[in-house]
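The chain contents come next:
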Amino acid sequence: MKNRLKIERAILDITQEELAKIIGVSRQTINSIEKNRYVPSTELALKLSKVFDKTVNDFFELDDKDKK
Amino acid sequence: MNIKSLVDCEKSKWEKIQLPNTYKKIGIGLAVFSFVLLFINASTINNIEYREIIKYGILVGLLITSISKEKIEDELITKLRMQAYSFAFIVGVIYTLVLPFIDFFVDLIIKADEASIKDMGDWNVLWILLSVQVLYFEKLKRTHK
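Just so you know, the protein sequences line up as chains H and A, in that order.
When we follow the working numbering, the leftmost residue of the first sequence carries the number 40, and every step to the right adds one.
When we follow the working numbering, the leftmost residue of the second sequence carries the number 68, and every step to the right adds one.
Subject to a maximum C-alpha distance of 25 angstroms in a straight line, what follows is the list of computed DSS-like cross-link-like pairs (lysine-lysine):
1. A:Lys212 <-> H:Lys60
2. A:Lys146 <-> H:Lys41
3. A:Lys136 <-> A:Lys80
4. A:Lys146 <-> A:Lys136
5. H:Lys41 <-> H:Lys74
6. H:Lys45 <-> A:Lys208
7. A:Lys146 <-> A:Lys208
8. H:Lys89 <-> A:Lys146
9. H:Lys74 <-> A:Lys212
10. H:Lys60 <-> A:Lys138
11. H:Lys104 <-> A:Lys146
12. H:Lys74 <-> A:Lys138
13. A:Lys208 <-> H:Lys74
14. H:Lys86 <-> A:Lys80
15. A:Lys208 <-> A:Lys80
16. H:Lys41 <-> A:Lys208
17. H:Lys86 <-> A:Lys136
18. A:Lys83 <-> H:Lys60
19. A:Lys122 <-> A:Lys136
20. A:Lys91 <-> A:Lys136
21. H:Lys86 <-> A:Lys208
22. H:Lys60 <-> A:Lys208
23. H:Lys93 <-> H:Lys74
24. H:Lys45 <-> A:Lys146
25. A:Lys92 <-> A:Lys138
26. H:Lys45 <-> H:Lys74
27. A:Lys92 <-> A:Lys136
28. A:Lys212 <-> H:Lys86
29. H:Lys45 <-> H:Lys60
30. A:Lys136 <-> H:Lys60
31. H:Lys74 <-> A:Lys206
32. A:Lys138 <-> H:Lys86
33. A:Lys146 <-> A:Lys92
34. A:Lys136 <-> A:Lys83
35. A:Lys206 <-> A:Lys138
36. H:Lys45 <-> H:Lys93
37. H:Lys41 <-> A:Lys212
38. A:Lys146 <-> H:Lys86
Hints in this document: simulated from the structure, not taken from any laboratory.
Can you make the complete structure from the sequences, with help from the hints?
Okay, structure coming up:
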């Protein structure tokens, strides 16, 4: 799973810490998602979608490995 | 009961078992203090009854540490915690299966006439389960920093 979380966060000009506070998780969780080490739950993805005001598909994408 | 309420119910059950974050330090303190006492007891009076009580102290300390919440207990932490429990369970089973045989072969080399396969004590199994869970959980948290 690939994501554009870092880019979306840069567009909003907020830090990992600030984004983490908004959606009620730790900074480590945001960092892990950005580095593709952790795939968030649907609930968390929808919270992010609300913050970025975009659909989940706009910033999460299946990579070739997942499509098989 | 629909699936969402079932998931929420299970989640809240687990949260009810968990202790606040402040208990983590108490748990670590109790386990370390009990360890020190165990060594002091072994090197001085070597009282068997004291030793058993101190061993309970280690287990209680590790259990408190294991079920204490993190400062921010989010879904990543819950996932890492569950991974650590699974890993500790597998290590615990392997340890329980393998160690009696290692003990037996060591005994066979050192004192062949007294060698026999001994049963693992409850304390040994619980101690390995809890200590592996606590340590592996800390290691997993560090990889996600």
